[in-house]
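Q: Sequence:
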Amino acid sequence: MALDDLFIITSNKVLALDSSLPSPATIEISKKNGHIVNVIPTKLSLKDYPSLAPTEFIDAGDDVVMPGIVDAHVHLNDPGRTAWEGFESGTKAAAAGGVTTVIEMPLNSIPPTTTVANFDIKRQTATGRCWVDVGFYGGIIPGNQNEIVPLIKAGVRGFKCFLIESGVDEFPCVNETDARRAFEKLQSQNTVFMFHAEMSNGEQADDNEQIESQNYQRFLLSRPPSLELNAIKLIVQLTNEYKTVPTHIVHLSTADALDIIKKAKDDGLPLTVETCFHYLCLSAEDIPAGHTEFKCCPPIRNEANRQKLWQALKDGIIDDVVSDHSPCTANLKRFDEGDFINAWGGISTLQFGLPVLWTEAKKHGCNINDLVKWLSRSPAKRVSLDDRKGAIKKGYDADIVIWNPEETFTVTRDIIQFKNKFTPYIHRTLHGVVKKTILRGNVIYDSSHGVIGDPKGQLLI
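Residue numbering for the sequence shown follows the numbering used here, beginning at 710 and increasing consecutively.
These aren't lab readings, by the way, just hints derived from the structure by calculation.
Just so it is clear, the structure is predicted and the values come from calculations on it, not from any experiment.
Don't take every hint at face value.
Said to hold, decoys possible - When the alpha-carbon atoms are kept at most 30 Å apart in a straight line, the in silico DSBU-like pairs for lysine-lysine are as follows:
1) Lys1130 - Lys974
2) Lys972 - Lys894
3) Lys1072 - Lys862
4) Lys1130 - Lys752
5) Lys1102 - Lys1130
6) Lys1072 - Lys1130
7) Lys1082 - Lys1072
8) Lys974 - Lys1144
9) Lys1102 - Lys1082
10) Lys1102 - Lys756
11) Lys1130 - Lys862
12) Lys1165 - Lys974
13) Lys1103 - Lys1072
14) Lys1082 - Lys1144
15) Lys974 - Lys942
16) Lys1103 - Lys1082
17) Lys740 - Lys1103
18) Lys1017 - Lys952
19) Lys894 - Lys952
20) Lys740 - Lys1072
21) Lys1017 - Lys1082
22) Lys1017 - Lys972
23) Lys1090 - Lys741
24) Lys1144 - Lys752
25) Lys1165 - Lys1130
26) Lys862 - Lys894
27) Lys740 - Lys756
28) Lys942 - Lys952
29) Lys1144 - Lys1090
30) Lys1017 - Lys942
31) Lys971 - Lys942
32) Lys1144 - Lys862
33) Lys971 - Lys1023
34) Lys1082 - Lys942
35) Lys1017 - Lys894
All chains, full assembly: derive it from the sequences and hints.
A: Set out below in structure tokens:
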């Protein structure tokens, strides 16, 4: 390839595929198709590319260069609930956080992605409005089993269902019979069946009315670990019965389920598990009264539970970490009342996942290569994008984040890109500043200028 067809990124600290620690490297990228054409294991300079303009050469110095983040659990709520979020605002927030691919959940938009006709509406709405690449999940609800295979053919990258009320009327939860009907349709399909793993087995909810609704403990007691355990036991049972269908547990909250999950994996079942930034980085004991920006389902649990989740992540029992970015408007968060029981359950993290996780990962003896595995490689594999995303490797999309792991910043409302500017991380000082985000060889975010240019994100269908 001619030198003038290249875009170059070089650094002393590159996380290329199979490297255990950041090391000097130079990445050559085709300007024609945005693919990586070569990874040279040394740091070169502009004088090594005499025909290139300075704007076509990025010397990242000692900043870390790693694969762009694949956030495989994001609610963009578009169309239908665009006061909550949207493709434009949500993907700008992703770009500012080093995220180059998001996979959008099928609910909270109206209509939900439960039929091919609804998926067509979703795709039309997203076209030309995304700053990062966007893939889509389909939804499984009672009675839509005949839409499953057509949705796969239309390009969805997996399916999500709830075993407990979802919070929105247009996306009802399934029972075991519904799940089995879906499993039958999913046999021998290249996809993944994902579960919101909370389920009641007839337990009486512990409403604890004697505790004020502004007290987080009242909400925490209303969503006990038993709900997750009930669901996960059923998921493991069904995965064992339908062994050709990969299954996935979204947003694992309770460490009480780890032994069940480990045994299922040890038995060779095709089961993967994610947890979220907030379960790894926040603790129930530290949630102030009335601060409903901390509410999510399943809930943030206690500090001892958090430490067990970290150990499970390090041990590989948990596969990857996602945001479950689930925003809403301020009135639905009931900030005026501080009402944890009736507030919308969802946490906004999309822009801050990398520094939030790195700030805690450092304390747990983890390295940057661990982040690449949890944030890029593993989620890309789960949604069948690991042949082009999640690694710095010849032939892959040049999706890259350049960041400084030692530099700190404070989360303030004026830097937030997502639409409703509240998050549990407000006023927190975090380690890890994103300097540039690059999508298929295009700089889409620069810390000096913000989100750059026109939306260049593709729909991954």
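Q: For this structure, which hints from the list above don't hold up?
A: When the structure is compared with the hints, numbers 1, 3, 4, 5, 8, 11, 12, 13, 20, 32 and 35 turn out to be violated.
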